[in-house]
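Visitor: Chains E and H are the protein sequences, given in the same order. According to my numbering, the first sequence is numbered sequentially starting from 1. According to my numbering, the second sequence is numbered sequentially starting from 1.
These are computed hints drawn from the structure, not numbers from a lab. A quick note: this is a predicted structure, and the numbers were derived from the prediction, not measured. Glycine included, C-beta positions come from ideal geometry on N, C-alpha and C. Check before you lean on any hint, since a few could be wrong.
[Claimed, not checked] Here are the simulated BS3-like pairs of lysine-lysine, each with C-alpha atoms no more than 30 Å apart in a straight line:
hint	chain 1	residue 1	chain 2	residue 2
1	H	K163	H	K187
2	H	K132	H	K187
3	H	K140	H	K122
4	H	K253	H	K355
5	H	K307	H	K355
6	H	K140	E	K220
7	H	K132	E	K220
8	H	K122	E	K220
9	H	K277	H	K307
10	H	K75	H	K132
11	H	K253	E	K220
12	H	K299	H	K277
13	H	K253	H	K277
14	H	K114	E	K220
15	H	K253	H	K187
[What the hints assert, rightly or not] Residues on chain E that point at chain H, a partial pick, calculated with CB under 7 Å:
hint	residue
16	D139
17	T140
18	E198
19	V203
20	I209
21	G211
22	S212
23	P224
[Said to hold, decoys possible] The calculated label-pair distances, taken between Cβ atoms and stated as ranges, are:
hint	chain 1	residue 1	chain 2	residue 2	range
24	H	P47	E	E198	24 to 30 Å
25	H	D219	E	P134	48 to 54 Å
26	E	P134	H	A274	55 to 61 Å
27	H	E181	E	F296	19 to 25 Å
28	H	E113	E	M163	49 to 55 Å
29	E	F219	H	D219	18 to 24 Å
30	E	A121	H	D104	23 to 29 Å
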Amino acid sequence: MAESIWGKLGLRRASGVDKAGWGRTLGVAVVAFIYFLPVLFIIFTAFKPQGDALLVPPTLSPTSLFGLIPDHFVFTPTLENFGSVFSRSMTPGGAPEATGFDRYFFNSIFIASVSVLLALAIGTLAAFGFSRYPLKGNDTYLFIILTTRMLPAIVVIIPVILMFRVVGLSGSYFGIIMLYTAFNLAFTIWMMKSFFDELSPDVEDAARIDGSSGIRVFFKIALPQVIAGLAATFVFGLILTWNEFLFALLLSGPDTRTVPVAMNQAVSSGGRGTDWTLLAAIETLFLIPVFLVTFFLQDHLLRGVTFGTVKR
Amino acid sequence: MTQASPGAGNGIALRLDRVSKTYGSVRAVHDLSFAVDEGRFFVLFGPSSVGKTTTLRTIAGLVPPDSGTVEIGGKDVTRAPIMGRGISMVFQSFALYPHLNVYDNFAYPLREEKTARGEIDKRVNETAEILKLTHRLRAKPATLSGGEQQRVALGRSLIRRPKILLLDEPLTNLDAKLRHETRAELKRLHRQFGMTVIYATPDELEALSMGEEIAVMRDGSIVQIGTPDELYERPVHAYVASKIGSPHMNLFKASVRADAKSFDTPLGTLVPAAPCKTANAGEAVLIGIRPSDIRLAAKGEAAVASKVHLLEPLGDITIVSVEAGGEMLRMVLPEATAASIRTGDSASIAIDSRKIHVFDAASGQAMT
């Protein structure tokens, strides 16, 4: 099948789904635009000269579109803000200094991906166990696992901080990764269990009869069937962890600071008021990794999200 | 084609001895015993949830029985692992590996046995040829038709050359035309490979047309084992009589007369060919008569008056339902004879009393 323009853009339609008419497509486009508008505004702001950020009425476009847009709505795009993310003068007129944001971006990527992958590895095994080898009181255990996410973070933060202080985990990669892994586990187990529940147990029995041991049934038969689920769980977990602020603020040290924490400190320090274009530039950069992951996994993601709702 | 004549094996391929299995409070299989000769096409026949699948899963080793023993080739394998039993199984749902293409589905059992790559390739191509799937080897199961999926499932089970092949309602998910073709195909494969087949089905036609030996199951136990002829001619239980034969045997209540040799029935007195030795005067019994053993009475013959209720023309025969003595009876008439009959007509019918079957009214057991 030749790939359409939409296919090339990665906007593939799920097969077997009725194509929407023009009216519906237009409706969806309008709603999508409304949802995307704030993001678009942030991205544009990141390219604006510093003074343009708070103009009223705002400048809206980097180009006049051949004279279509009046001049006072047009801003001159600049990359200056992105440079300032990594290096800028901290005092008026001072020499540019490194801000450490390269380190913070690395921290965010490292901590989020390791803890999500770790949770995925442990949680998938646990989910398979819960699904295939139910214990007495299986549902109770699952409920208990869910209760770990029932309290708002702010409620448990004090005991967690105290525990981390006592065992010396504050400010270490190990500590924050363990914490995020534990948080992601509950969600991973529940999500992956529902994917395993959807699989036909006959297929695994067939593999057993064909000579596979339990561990090979898991890796060669069950796991390949839930790739879409792994992708979906990975992305959801990544987004949650990527955006986490409170625990990162209180448990990370200067070396293990993540971007959300650093972002907060970058814009609120110095007593010069908020530098909105700098903030927008950090946010724009911050969006890119998660956007890329989601983009590359989107085929799996779509199947993962609609799993079980579409007749196979 | 190597011709292994069915049933020619000397040994017993499989023996179940007093096997029971309970799931929670549900008794799936109870005190099940049977033995199957090598190379035999053996059918487990009974309605759904009668314990057929549990029996097959016990033989395969997927579920351990609560009690009893399973022997394969003379060896007790009750607690043995699945591997090494020399068994393969086709599931009702086919259970193909959805993430693997047809080639890899076929190759899977061989790879698990660590077969050499060249040998795998040879066997896969051979199997694909036998099942006419050569052109589909690269296709994923989801893109195959029902019949193709079925053949892939069969091929995957046959590729290891199992000693025993378990088939769990393999035709249930196919449409009528495919079922007919696949029945013939299965018989051909059985002749070609000569393995022992245990075939579970709720379909009487499949059981009778394919089974060399049939075990009729009820509530997790076997009621009777026999060849299709034996089950038809000498059912040991009213249950078997009512399940085997199409249309089903007419069964009606009767009682033993004082002479202990004949029966008082709603259709008059009937005298069986051989007297029932176990019948006692006054005892309640069930009398069974095949629809083909009832005919229209000839002039001057002892006859029973009846009223025609329903005509079901089936081409060269017609099934006629009549009411006689308060009982609804079905009879099979040649189309030519039935042509003159209309619903609501009176008809004189004659029952061949030498052909009647007598069952104990309480237990359902045949009386001889």
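Visitor: Now look at each hint and say whether the structure bears it out.
Guide: Tested hints:
no., hint, result
1, H/K163 to H/K187, "holds (16 Å)"
2, H/K132 to H/K187, "holds (16 Å)"
3, H/K140 to H/K122, "holds (20 Å)"
4, H/K253 to H/K355, "holds (16 Å)"
5, H/K307 to H/K355, "holds (23 Å)"
6, H/K140 to E/K220, "holds (16 Å)"
7, H/K132 to E/K220, "holds (27 Å)"
8, H/K122 to E/K220, "holds (23 Å)"
9, H/K277 to H/K307, "violated (34 Å)"
10, H/K75 to H/K132, "violated (36 Å)"
11, H/K253 to E/K220, "violated (59 Å)"
12, H/K299 to H/K277, "violated (34 Å)"
13, H/K253 to H/K277, "holds (19 Å)"
14, H/K114 to E/K220, "holds (15 Å)"
15, H/K253 to H/K187, "violated (40 Å)"
16, D139, "violated (16 Å)"
17, T140, "violated (18 Å)"
18, E198, "violated (11 Å)"
19, V203, "holds (5 Å)"
20, I209, "holds (5 Å)"
21, G211, "holds (4 Å)"
22, S212, "holds (5 Å)"
23, P224, "holds (4 Å)"
24, H/P47 to E/E198: 24 to 30 Å, "holds (29 Å)"
25, H/D219 to E/P134: 48 to 54 Å, "violated (27 Å)"
26, E/P134 to H/A274: 55 to 61 Å, "holds (57 Å)"
27, H/E181 to E/F296: 19 to 25 Å, "violated (46 Å)"
28, H/E113 to E/M163: 49 to 55 Å, "holds (51 Å)"
29, E/F219 to H/D219: 18 to 24 Å, "violated (40 Å)"
30, E/A121 to H/D104: 23 to 29 Å, "holds (25 Å)"
The structure does not agree with the numbered hints 9, 10, 11, 12, 15, 16, 17, 18, 25, 27 and 29 stated previously, though it agrees with the rest.
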